[in-house]
Amino acid sequence: MRKVGAVMVVGGGIAGIQASLDLADSGFKVYLVEKEPSIGGVMTQLDKTFPTNDCAMCILAPKLVGAGRHPNIELVPYSELKKVEGEEGDFKVTLNRKAMRVDPEKCTGCGDCAQKCPVSAIDKYNEGLGERKGIFILYSQAVPLVFAIDKEKCLGCGICAEVCKAEAIRYDEEDTEVEVEVGSIILAPGFEEFDPRIVTEYGYGRYPNVVTSIEFERILSATGPYRGTVLRPSDGELPRKVAFLQCVGSRDDRVGNPYCSGVCCMYAIKEAVIAEEHNPGLEPTIFFMDIRAFGKEFDDYYARAEEERGVRFIRCRVSHTDQEPDSKDLYVTYVEDGEVKKERFDMVVLSVGMNPPADADKLADIMGFELNDYGFAKTGLFTPLETTRPGVYVCGAFASPKDIPDSVAQASGAAAKAGRAIASQRGTLITSAEYPAERDISGEEPRVGVFVCHCGINIGGVVDVPEVVEYARALPGVAYVERNLYTCSQDTQESIKEKILENSLNRVVVASCTPRTHEPMFRATLQEAGLNPYLFEMANIRDQCSWVHMHQPEAATEKAKDLVRMAVAKARLIQPLKKPRIDVTPAALVIGGGLSGMTAALELADQGIETHLVEKEDELGGNLRRIKFVLGGEDPQAKLGELVGRVKGHENIRVHIGTRVEDIQGYIGNFETTLLSKAGEEAVKHGVVILATGGVEYQPSEYLYGEDDGVMTQLELEEKLVEGFSPDTVVMIQCVGSRCEERPYCSRICCNDAVKNALKVKEANPCSEVFVLYKDMRTYGFNEDYYRKAAKEGVLFIRYDDEHKPEVTNDGGLRVRVLDPVLNEDIVIEPDALVLSAGVLPALDNQRLAGLLKVPLSKDGFFLEAHMKLRPLDFATDGVFLCGMAHGPKAIDESISQACGAAARAMTILSKETLETEGAIARVNEDLCSGCRMCEGVCEFNAVEMVEQDGEVHSHILEELCKGCGVCAATCPSGAITAGHFTDGEILAQVRAALTEVSR
Amino acid sequence: MTDFEPKIVGFLCNWCSYAGADLAGVSRFQYPPNLRVIRVMCSGRVHPAHIMEAFKNGADGVLVAGCHPPNDCHYISGNLKAQRRVALLKMLMAQLGLDPERLRLEWISAAEGDKFARVIREMVSNLKELGPSPLHDSEAVIAGDD
Amino acid sequence: MAFEPNIVGFLCNWCSYAGADLAGVSRIQYPTNLRVIRVMCSGRVEPAVVLSILAEGADGVMITGCHIGDCHYIDGNLHAKRKYELTRRLVEKTGLKTGRLRLEWVSAAEGQRFADLVNDFTEQIRELGPSPLSGTTPDLGLLLKVRAAKAAAEGFRLRALVGKEEKTVTDGNVYGEEVTQEEWDKVMTESVETEYSRHRIHIALTEAPGSVKELSEKLGMGSQAVLEHIVALRQLGWVDVQEIRGTSPVYVTMEVPQ
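Chains as they are written, first to last, in my numbering: chain A, 1 to 1000; chain B, 10001 to 10146; chain C, 20001 to 20258.
The set of hints was computed from the structure by calculation and includes no laboratory data. Glycine is no exception: its CB is placed at the ideal position from the N, C-alpha and C atoms. No false leads were mixed into what you were given.
Computed footprint of chain A on chain B, listed as stretches where at least three residues anywhere in the stretch have a Cβ under 8 Å from a Cβ of chain A:
hint	stretch
1	10014-10023
2	10067-10073
3	10103-10112
Let's have the full structure, built from the sequences with the hints guiding it.
Spelled out as structure tokens, the structure:
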């Protein structure tokens, strides 16, 4: 059967971008289809992200740019699916590409057109709180940076074409049909915000000071309408009291969304904290039913918000909101402790839930896959990445509502699945750039070519470009100068190449826009002309000069000259750099033989990678061995059996049971590990490590556990239930060993487990009484259904808090005494079984493994990933990945997603014979090194090793691990470390050139 | 001294602050043209010697700008290193008779074009009040052919 | 003393100015209130010029050109009509009576018609009385409004729209689609309202920094609308926050980009 080595990713949000990058980095051609003119999705609209309060754009922008210029990713913006034919491995997809009416090849993104466009339209990016023009980009940092005409709004006056110096406007462009052939399809269309106009009692749409959480996100953002100061939309005043209403369009049967959206509690807490940061003195109040802070370090964030940041939390459901007509103040009516209360607020934020994308039905229809009851893609607990149509995979919020890191992990997982299906076609559809041999410039005097850009009128309208050109001509080392209307245009690239050859240039300076977007392109031009790509420097005379000094043409011209002088001063000193290539051992080591480890191993093995699966126990399966049934009715033991069978029988997997990892040496691509088993030591070589060490159930020391036979953990109950145990009265206590002083984190799975076991008890014995004593029920996502079902079947949920913990005694029978907060009196239950929802602890071996691999642990003892938001499966140390409970407590489907994701991340390395790494890295001059180890201490990437040579210890940079930040060079007291491309000499030359006229 | 136009050298990290400066441009936020930017990959790359070289060559002010702590740094903790170095250098500057106000450390994210413009406006106005650097008249170092 | 209106008349060189000359040659008598400015074409008379004349205290402005079809420059008078319409819309915004404006076609042969028009318009103005902006104590509130209208008329957006109107409405747009006068008017109405309001706010802030609430009271504009305009003005770099006073950000003007 024919297979195509390309993948289509539908949806250019963070999930789609991650899936695309992983696939493109492992040898597949990717078509990234986005319905808007630019990729980025909802994350581009966010101000900060929880729980780290990272600036969303700061962490997203590198990924946007990475996807935008990846040679294996073809962006297909402003497009929608029309038809899908074929089958797994060989699809033919027809897309409708909407006319942008701007030629993407010619548009430089300068924005002159939008400045002059006389038509205003609603700014979707700012949620209607600002205005954009009839010709627009979605947001300032848009990728691709190409304007589009909003045909709905456009008058057709023709002004944009008149002002566009790049002649990029194409009024006659029509929608086009595009056909592409791909082997796999990944769906990542994201979600739609719930429209709160439906819930009329909150007044959204009628009261100006009632806003949605996403609108509030824009209000908080420095790039938003109010530049980050929170203001009331009705009158521009700073609000003091801001109410956040949770579960708007979530956990609400009336609006058809009984499920929990899973993210709103956290983003509301974040918005409350950030709002107070932006407007000191602001008093946020969050009205909630349960705070579902179930993710990694979320509870900690919740606690800090309440205790340190003064966020007020009120547990209730708000009945309605009224507006005082004159002041536009809002009155929130709610019931607390049985009492109806009414409180005044300046502003109300509705924490709106996630709906499936508006076009989900259409998508399902075209693609031929099924949706679940709520319109999200239908998946299974053990198949979280597969839709019902083979070859079509899903990730992100469309699979089920989820936050960014879960989306990113799942996106990598979907990439693994998509890649595995067409693994035989890896590398068949990608092109690698071929460059001529590099010219050796050693010994040559610097001959700098300077190209100054007019950027239409963007630079030339302010800066006197001819004057800058004349100035540059006289600078030392400059051999050639010219100016261009657009230095970035394709014909100028050709001309730059010619000028390099004609004038024997050995350095190139372009004075135009920002290197952050344009340096890679110019470097490629140098390479095409036979020059090392590092022999290039940019002077940013647009973004940081002409655009910000529009009314001071003379001063701007002087500044532009200075910037060119600085760039030339640096250019004269820069040296060609080699990007180190390292060999990759095409093998993997997976530590941990539970569900995650086995899943990761199979994903890799199926893609032809020799995989060592190490399990310390004598049997594979980990915690899954103890799980007898699951919510939703699938048979976990059958699945386990299947999995173990496949692992053991796989030709590419070597299972090492009863084995311990003794030692790990080496680095990305080249690890060597010593395994120890009863059979003795064995050394294995591999290119990557995946940590899937799992977690263990907490052994309670409270509530008479271990003293009374009637007291058991949920896992123990589960084992008994399958053996026919059928108690009449059961009490379950949640958060045993979790969310306590010693372990402040939430174990994420226990609420679902309790509901699962409660339903099982009820199923066996409908007359039984089941009490669940909880702090917050955290049945996030679609599991809310089971929580509701349990309540309907008579399971009693009684909330307790830390001040009123249940009391358990046994004087001739188990007695549980707990305060019922509704009745406000103690109730006493005499259960047959007291079941403790014991938390999840990190694996005992984590500490030791972390030491061996030099990777960090979180303060809770789980492994700490490279970045909590966007690199959930990576470590700062390249070539080491994590998944499953090693990362933190998680459910079966989440562990599978992560395991597949870790495999996809690993494949970005293992799919290559050699890896090219950054060339601008640190180097040590051993003669100067005193061996003080300071560099070792400051390097976050374990790229410094101390080596002994001739009896002296000195530092050595592992070039394959160095990221080129230069921190070590700035730390070294002996001046022994050079930061490539940012050497002291280069920086100092720039400093001097900035301040001193060069002697002519 | 109304004519005095301070010279400022700015070291901006590539990932956040340089991006923030670009965003100020894209948003057309206007600020005075007194700044000369040197792009570094990380604010942690900036050595006190780089800053002192700027003062030695007649800079009236120096800006070091990086990603917001604790988590925005592309290199995990380079910004914290910058923070420590700047704090130390400010102490040293005081001893050298150079007003520590002339050195400014700022966290500017890729979304804070507005803040970038504001910081430059503030710096220029503060430096105008402080007047020219006392090192202004010391021997000029000739850059170029070194 | 009887009110003697000050009227400024823009006469196109080829038809109307010749018509006025003919009135003289024919010794046709008409009131002395008109002060004539000769222009080569009535299409030359831009709204900002008319508005600044009104701001100076003129009691009336009359624009005359060739009859439709007779324009020496083919369609200059058609543009004059469009521009006049924009002027009228802006004047309407300020509250100044639109009866102080007049556009007429006078050919080189219509000496009598010219004299009649001057008569008629002078009478009309006499009835309206002196402009509230004339004399030694002009209505300062109105003056600020007229200045805002003038600034709006000078801005790129309205100039561009009025410049494109004739061609687009007559010949269709760049897509070859027909654009009706109603469709165009809808955009014009919106744009005039927006530009005028923004300049009102900008001018008010030039007078004195203020908060949204203060601006809303001062200008009689809804505070939500004022905030929306402030958002746009900040984006344009025309205004910024000066300080936060209590719970109110106070806005101040910045140097206006050209």
